[in-house]
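With the hints as extra help, turn the sequences into a complete structure.
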Amino acid sequence: MSLLNLALKRIFSRKLTTILLILSIGLSTMLMLGVQKIKTSAKDSFSNSISGTDLIIGSRSGATQLLMYTVFRQGHPIATMSWDSVEQIKSFSEVKWLVPMSLGDSHRGYPVLGTSADYFKHYRYANKKELMFAQGKHFHDTFDIVLGSEVAEKLNYSLNDRLFLSHGVAKGNLRTHKDHAFTVVGILKPTGTPVDKTVHISLQGFTALHINWGSYSKNKQAMSLELHPQSVTSCLIGLTSKLSIFSVQSRISQWKAEPLMAIIPGMTLARLWNSIRVIDSAFFIITFFVTLITFIGLLLVQLISLQQSKRDLAIFRSMGAHPFQLSWMLILESLFITFSGVVTGIIIMNLLGIVLRPFLEDSIGLMLSFSILGFTEFILALSIILFGICTSIIPAVLAYRKSVSEGFISL
Amino acid sequence: MALLQINDFFLRYSCDTNFSLNIDQLLIEKKTKTFIEGPSGCGKTTFLNVITGLIKPNRGQINVLDTDLTTLNPITCDQFRADHFGIIFQLFNLLPYLTVIENIILPCTFSNSRKQKALLISSSLEDEAKRLCRELDITDTLLNKPVNQLSIGQQQRVSIARAIIGQPEIIIADEPTSALDNERKNQFMSLLLKECETYNLNLIFVSHDTSLQQHFDTSYNLNTLNTISTVNTHVFA
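Protein sequence lines, in the order shown, are assigned to chains A and B. For the first sequence, this note's numbering assigns the number 1 to the initial residue and increments by one for each residue that follows. For the second sequence, this note's numbering assigns the number 1 to the initial residue and increments by one for each residue that follows.
A portion of the hints provided could be inaccurate.
Unchecked claim - The calculated lysine-lysine pairs, modelled on PhoX-like cross-linking and capped at a C-alpha distance of 20 Å, are:
id, chain 1, residue 1, chain 2, residue 2
1, A, K402, A, K310
2, A, K90, A, K129
3, B, K185, B, K130
4, A, K90, A, K242
5, B, K145, A, K15
6, A, K9, B, K194
7, A, K402, B, K130
8, B, K117, B, K130
9, A, K310, A, K15
Read the hints as simulated data drawn from the structure, not as lab findings.
Given below as structure tokens:
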């Protein structure tokens, strides 16, 4: 019988205590790794949402607010920017491309984005990936519609389906633009970004929805009208040279016609991430202390069991076990309990991830990563195991000292 | 040839200066069954701690099988104990979370030499444990049971099997009969002596029960041996 075997037999002789310990280490691990996973997923989700865009322009408000509603479709703009401004900015020699964006309507809870066909040409996500079509093509007609992958999948839409949009984005009974039916002409491939949850229509279509808003106008009637938008929510801009980012940004911030602002998406994302990091650090500190308390519990159980197993250790010692072997046996016991706890934690975390993923995606737009254990989470799990081993060194040293100083044969 | 030779031995615990054990000379020959007696508190357990190398004396020489235990480093001393001593405790002290078989083969975990000796007789440690069980009338149905389901008589047999597996040269028995009634005491003694005869093992038996003296070749009273004992006790004549 090996020492490991003996250690396992001793552990299983205290089933209830062992199960409770494994569970409590498992829950601490789940908490610690879960916070890390949410952080990583949020960071990936944030940083992958937009790339290749040099500036985002909108009416003057907060930089984060502009980023949130333009890229993540969260929140509302406090004002729009005029179409004249859009045209003027587009004519800047430094501007390579400009994609106007109008938000404010929705379809069964999914935001509607009015934009130009250039959106599909210039919008990039993750590592400058282009938007790809799973089916169909981008819109050509006013009442064409392109669906994000999730919208099509969840609402079970396919090409040529006809649908109506609602006015506003709030939940509840929204007024439907019943007079304008849109036809699905394209479905995008999944991107893992808010694009998947967006219903894309042309700016002309978006304008048509709001012409004579409240009075009756059919598709044909609307199409006969001038469909130039009066205003848009924001614009994405690509510049001919990165060197001109700050000069263009400065010109926009001094725009005379109306109060506008331009933000650099990467910088705003970094700033946003830094502000969230405080919460993240607070969470990490809390989970660290929860884990610490769990290990104090483990230490306590080991010290109590050391007292109870005095007789066992005395028997082993009299049979020729060296104090090192006894200490090693206690460390093995701890290692087994901690390892099992960490594995339990990883399993619970992944099961919870599967259950909570749809809820997190729907409610806060957070897309959890699919990996069972990322590199940082692996390092954290390893640290917890090492921490468990370190904790067991205290009873191991006590057992060593006790078995050296006492004969142990008096039983 | 000497089994145990003690010269000019002195021990005093730093935590209990009222007690000391002082043995000028003691020689126990090989192939003997030795009885050490003395009342409670006279230092019988301390004596066993000393001759098994668990406690180092303040002074003196302790030769066991021609090896001076006082000169061995702690690891070698532990290994020596594992290889050469089989121990039977007062309350048998079988481990409740191990089965009968696992309890019997436990000493082989710490002694490779005992393991090898056991494997010379049987093809595996489990087979050797089963063979000893058959020899000691432990039925097959008990072999994989936890030991706390055994009767006292069955526990006696398992503790003997655990001490003799791998045939260590010396069997130490620390008052194993003190909690037994006369019938069980006699059963235990005859079984233990028979096994020691069969495997040619040396037995050092410690007890306060002088009625057991008749079973042994030599006997010593620890109070007589302890030349400066501070404990007032009855001296065995």
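Against the structure, the hints come out as follows:
no., hint, in the structure
1, K402/A / K310/A, "holds (9 Å)"
2, K90/A / K129/A, "violated (24 Å)"
3, K185/B / K130/B, "violated (24 Å)"
4, K90/A / K242/A, "holds (16 Å)"
5, K145/B / K15/A, "holds (18 Å)"
6, K9/A / K194/B, "violated (33 Å)"
7, K402/A / K130/B, "violated (35 Å)"
8, K117/B / K130/B, "holds (15 Å)"
9, K310/A / K15/A, "holds (19 Å)"
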